[in-house]
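Enquirer: One line per chain: the protein sequences are S and B, in this order. Just so we're aligned, residue 129 is where the first sequence starts under my numbering, counting upward by one. Just so we're aligned, residue 20 is where the second sequence starts under my numbering, counting upward by one.
It is possible that part of the hints are untrue.
With a cut-off of at most 35 Å between alpha-carbon atoms, the simulated DSBU-like pairs for lysine-lysine come out as follows [as the list claims (entries may be wrong)]: (1) S:K487 with B:K234; (2) B:K175 with S:K382; (3) S:K382 with B:K230; (4) B:K189 with S:K243; (5) B:K101 with S:K280; (6) S:K280 with B:K98; (7) S:K193 with B:K259; (8) B:K154 with S:K243; (9) S:K243 with B:K48; (10) B:K106 with S:K243; (11) S:K239 with B:K259; (12) S:K293 with B:K230; (13) B:K230 with S:K239; (14) B:K98 with S:K293; (15) B:K98 with S:K487; (16) S:K293 with B:K78; (17) B:K106 with S:K193; (18) S:K243 with B:K217.
Facing chain B, from chain S, some residues (calculated, C-beta under 8 Å) [stated by the list, open to error]: (19) N196; (20) Q197; (21) D201; (22) E238; (23) A244; (24) I305; (25) S307; (26) T308; (27) M313; (28) N317; (29) Q344; (30) G416; (31) F420; (32) V447.
Bear in mind the hints are in silico, worked out from the structure with no lab data behind them. Predicted model only: the values in this text are computed from it and were never measured. Where a beta carbon is used, it is the ideal one built from N, C-alpha and C, also for glycine.
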Amino acid sequence: MISFLFKGLMRDRSRSLFPFVTVLAGVVLTVFLHAWMNGAVSSMIQSTAHFNTGHVCVMTHAYAKEANQIPNDLALLGIDTLVAALKRDYPDLFWTPRIRFGGLLDIPDEKGETKAQAPVSGFAVDLLSSSSPEQKILNIRQAIVKGRVPQKRGEMVVGEELADKLRIQPGDTATLISSTMYGSMSVTNFVVVGMVRFGIVAMDKGTVIADVSDIQQALDIQNGAGEILGFFADDLYHEERANAVTADFNSHIKNDDQFSPGMGTLRATSGLSEYLDYVGVFSDVIIGIFVFAMSIVLWNAGLTGSLRRYGEIGVRLAVGEDKRHIYLSLLAESLMIGFIGSLAGTAIGLALAYYTQVKGLDIGSVLKDSSMMLPNIVRARITPLTFVIGFLPGMLATFFGTAISGIGIYKRQTSELFKELET
Amino acid sequence: MIRLFSLTAAFFLLSFFLQPLSGDDILKKVDENMFSENKISVSRMIIHGRREIRTVESKSWQRGTSESYTEFLAPARDKGTKMLKLKDMLWDYSPSTDRTIMISGSLLRQSVMGSDLSYEDMMEDPHLPNIYSAKVMSEDTLFGRNCWVLDLTAKKEDIAYHHRRLWVDKDRYVPLRENLYAESGKLLKTMDVREVMKVQGRWLAKSVLYKDVLKEGEGTEFIVDVVTLDAEIPDYFFSKAALRR
Numbered sequence: 129m130i131s132f133l134f135k136g137l138m139r140d141r142s143r144s145l146f147p148f149v150t151v152l153a154g155v156v157l158t159v160f161l162h163a164w165m166n167g168a169v170s171s172m173i174q175s176t177a178h179f180n181t182g183h184v185c186v187m188t189h190a191y192a193k194e195a196n197q198i199p200n201d202l203a204l205l206g207i208d209t210l211v212a213a214l215k216r217d218y219p220d221l222f223w224t225p226r227i228r229f230g231g232l233l234d235i236p237d238e239k240g241e242t243k244a245q246a247p248v249s250g251f252a253v254d255l256l257s258s259s260s261p262e263q264k265i266l267n268i269r270q271a272i273v274k275g276r277v278p279q280k281r282g283e284m285v286v287g288e289e290l291a292d293k294l295r296i297q298p299g300d301t302a303t304l305i306s307s308t309m310y311g312s313m314s315v316t317n318f319v320v321v322g323m324v325r326f327g328i329v330a331m332d333k334g335t336v337i338a339d340v341s342d343i344q345q346a347l348d349i350q351n352g353a354g355e356i357l358g359f360f361a362d363d364l365y366h367e368e369r370a371n372a373v374t375a376d377f378n379s380h381i382k383n384d385d386q387f388s389p390g391m392g393t394l395r396a397t398s399g400l401s402e403y404l405d406y407v408g409v410f411s412d413v414i415i416g417i418f419v420f421a422m423s424i425v426l427w428n429a430g431l432t433g434s435l436r437r438y439g440e441i442g443v444r445l446a447v448g449e450d451k452r453h454i455y456l457s458l459l460a461e462s463l464m465i466g467f468i469g470s471l472a473g474t475a476i477g478l479a480l481a482y483y484t485q486v487k488g489l490d491i492g493s494v495l496k497d498s499s500m501m502l503p504n505i506v507r508a509r510i511t512p513l514t515f516v517i518g519f520l521p522g523m524l525a526t527f528f529g530t531a532i533s534g535i536g537i538y539k540r541q542t543s544e545l546f547k548e549l550e551t
Numbered sequence: 020m021i022r023l024f025s026l027t028a029a030f031f032l033l034s035f036f037l038q039p040l041s042g043d044d045i046l047k048k049v050d051e052n053m054f055s056e057n058k059i060s061v062s063r064m065i066i067h068g069r070r071e072i073r074t075v076e077s078k079s080w081q082r083g084t085s086e087s088y089t090e091f092l093a094p095a096r097d098k099g100t101k102m103l104k105l106k107d108m109l110w111d112y113s114p115s116t117d118r119t120i121m122i123s124g125s126l127l128r129q130s131v132m133g134s135d136l137s138y139e140d141m142m143e144d145p146h147l148p149n150i151y152s153a154k155v156m157s158e159d160t161l162f163g164r165n166c167w168v169l170d171l172t173a174k175k176e177d178i179a180y181h182h183r184r185l186w187v188d189k190d191r192y193v194p195l196r197e198n199l200y201a202e203s204g205k206l207l208k209t210m211d212v213r214e215v216m217k218v219q220g221r222w223l224a225k226s227v228l229y230k231d232v233l234k235e236g237e238g239t240e241f242i243v244d245v246v247t248l249d250a251e252i253p254d255y256f257f258s259k260a261a262l263r264r
């Protein structure tokens, strides 16, 4: 029977092509949209983890309360012991100290007078230890567009646009003017050894990266850091595991001092919690709208098809075919079209998503004035759900469209059929 | 008739001299008492931060209202750091980098050595009558001393503290307490004089507690250990070349 119906569909393209194309288009859009939204959210989470919070983050309680102001006077001290304990107790994660800081980068002329100056935000990361994962996490080696990565103390890399603005080249001296953790003015010379393109507009415009030991010295944070970040080995954020590690760490720490350490997850410390929930709901709503819109289109297609096949169904009824049988055969046809359309749509959608996952889409020109940490290149991300998500609207919409439009079969009177067919 | 005229004249003269001082008069007297043309001082700032107490020592040479040169003597990390003020310009010299940085714009609002004082405070004209008009609001007793309470309002627009309230010792013409306000009326800083000293016939603050109320911590004690007034100061102190010497 199925084979018979399938042959019918293949031989009469006029009754299968339009629904097929509609299903195909809808499924392609659904699959691609799902992968795209996945990718956009993942990119944001990854950028936030790499440049901001890690997958989990240890700070003093006082620092955590004012973290957006980068209060280095409230930094963690005695971090050697703390990092060693974290590595021992939670070996599944990489642990690395970070200091974020703000200040001015001042470029001297031959006489030592200010030639150029710009506000900067900086990252102090462990660049020089051989065991440090930071170069990989920040992708610094690949991000270097001129010069090299710092190899010894007293060296820094700067964002490409910042370097252009200050007109500096690798080998030039730059003076970082900032504040020590005690609030004094800190003036420290660095040799700029490289220019990096982070792929995040806000960072390329005004970020410097130096080794954590240099910044500890410059900001008088001896054996201290603003934050100790933890990253899962596969570089993916696992919320349940992050919650478990955080709960375990916090349960073992006395919380009686504002300078005692506390751990938080990416979701809790990044301020992305509500945003991620919002994106999740938004994504479901978008897909829901697609399913609904496709159902309407396919319902309409089914109605058109039923009208066009008015004569055919009349003949089938006239020769004694049961109304229920005709209705079920139409539903079976719709499922076939839905399945084939969904299969083809998923394949094309996945191909497009894969291309965008590998190549990415450069939205840098849109973000040129942005101060948010959004990556220039947004990539789609294919997950197991992407493979099946298109079948939901593809199959259901055609099925329900046909089911609703096919109800008309039951309204036709056998006694009227010949009269209808004559006209 | 002559006697009557003499009595009347004497009454008016007496009432003229006995009439209470105006706010501006008091401010002028404070200025005359405290301000000397040249001053060399050695001082300590004991900074009570949120985590620890730090002491910063410095020596300053001051000439007139617009020139001053300060060298930090301790702690070791800040030793050799120098600051030079010439009119409305301020430079900071850091020996570790051999760089002279002009302090301007937002840097002026930064704290001096982590204290409750900002560079902007250091740039202020020390002659208060030049920039404020004063009114006597009331009288009060502070630390056992009788004081006038003065309200000062800025005469100019670009002043860090639009409004000040001063408690001035009636006998010594030394402000014993000062509250500094923004134009909005928000209290920004407070100053309490804990000890005064008499130097070359003038009463000066020896120990002052400054508190930036927008900042955590217990404030900064500013203690003058040695002060010499009207001292001879060579010209070379007040040049940028002095910073690198």
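Enquirer: Against this structure, judge whether each hint is valid.
Expert: These are the hints, each one checked on the structure:
In summary, the hint linking K487 (chain S) to K234 (chain B) is not supported, as the alpha carbons are separated by about 49 Å, beyond the 35 Å threshold. Simply put, K175 (chain B) and K382 (chain S) have alpha-carbon atoms about 53 Å apart, too far for the 35 Å limit, and the pair is violated. As the CA atoms of K382 (chain S) and K230 (chain B) are separated by approximately 32 Å, the hinted pair is consistent with the 35 Å bound. Pair hint K189 (chain B) plus K243 (chain S) does not hold up; C-alpha atoms about 52 Å apart against a cutoff of 35 Å.
Between K101 (chain B) and K280 (chain S) the alpha-carbon distance is near 29 Å, which keeps this suggested pair within the 35 Å criterion. With a CA separation close to 26 Å, the supplied pair K280 (chain S) and K98 (chain B) stays within the 35 Å bound. For the hint pairing K193 (chain S) with K259 (chain B), the CA-to-CA distance comes to about 42 Å; that exceeds 35 Å, so the pair is violated. Under the criterion of a C-alpha separation no larger than 35 Å, the hint pairing K154 (chain B) with K243 (chain S) is inconsistent with the structure, at around 47 Å.
With a CA separation close to 46 Å, the supplied pair K243 (chain S) and K48 (chain B) exceeds the 35 Å bound. Straight-line distance between C-alpha atoms of K106 (chain B) and K243 (chain S) comes to about 23 Å, which keeps the hinted pair within the 35 Å bound. A distance of roughly 12 Å separates the Cα atoms of K239 (chain S) and K259 (chain B); the hinted pair therefore holds under the 35 Å criterion. Distance check on the hinted pair: K293 (chain S) and K230 (chain B) sit about 39 Å apart at the alpha-carbon level, beyond 35 Å; violated.
At roughly 39 Å between alpha-carbon atoms, K230 (chain B) and K239 (chain S) are farther apart than 35 Å, so this suggested pair is violated. In summary, the hint linking K98 (chain B) to K293 (chain S) is supported, as the alpha carbons are separated by about 34 Å, within the 35 Å threshold. Under the criterion of a C-alpha separation no larger than 35 Å, the hint pairing K98 (chain B) with K487 (chain S) is inconsistent with the structure, at around 55 Å. At roughly 39 Å between alpha-carbon atoms, K293 (chain S) and K78 (chain B) are farther apart than 35 Å, so this suggested pair is violated.
Taking the CA atoms of K106 (chain B) and K193 (chain S), the gap is near 41 Å; set against the 35 Å cutoff, the hint is violated. Straight-line distance between C-alpha atoms of K243 (chain S) and K217 (chain B) comes to about 47 Å, which puts the hinted pair past the 35 Å bound. Residue-level restraint check for N196 (chain S) is violated (minimum Cβ-Cβ distance to chain B is 16 Å; threshold 8 Å). The beta carbon of Q197 (chain S) is not positioned within 8 Å of any beta carbon in chain B (closest approach about 12 Å), and the interface hint is therefore violated.
Satisfaction of the interface hint for D201 (chain S) is found here, the shortest Cβ-Cβ separation to chain B being roughly 6 Å, below the 8 Å cut-off. With a least beta-carbon distance of about 13 Å to chain B, the hint placing E238 (chain S) at the interface is violated under the 8 Å criterion. Taking 8 Å as the C-beta cut-off, the interface hint given for A244 (chain S) is violated, the closest approach to chain B being about 13 Å. Proximity of I305 (chain S) to chain B holds as hinted, the smallest CB-CB distance being about 6 Å (cut-off 8 Å).
Below 8 Å, beta-carbon pairs count as interface contacts, and S307 (chain S) has one with chain B at about 7 Å; its hint therefore holds. For T308 (chain S), the interface hint holds, since its Cβ comes within 8 Å of a Cβ in chain B; the closest pair sits about 7 Å apart. Annotation: M313 (chain S) was flagged as interfacial toward chain B, and the flag holds, the nearest CB pair being 6 Å apart, inside 8 Å. Evaluation of the N317 (chain S) hint against chain B yields a held restraint, the C-beta minimum of about 4 Å falling below 8 Å.
A cut of 8 Å between beta carbons decides the hint on Q344 (chain S): the least distance to chain B is about 13 Å, and the hint is violated. Interface hint at G416 (chain S): violated, since its Cβ lies 49 Å from the closest Cβ of chain B, which is beyond the 8 Å cut-off. A hinted interface residue such as F420 (chain S) counts as satisfied when its beta carbon comes closer than 8 Å to some beta carbon of chain B; here the least separation is about 53 Å, so the hint is violated. Hint status for V447 (chain S) relative to chain B: violated, with the closest Cβ pair at about 90 Å, above 8 Å.
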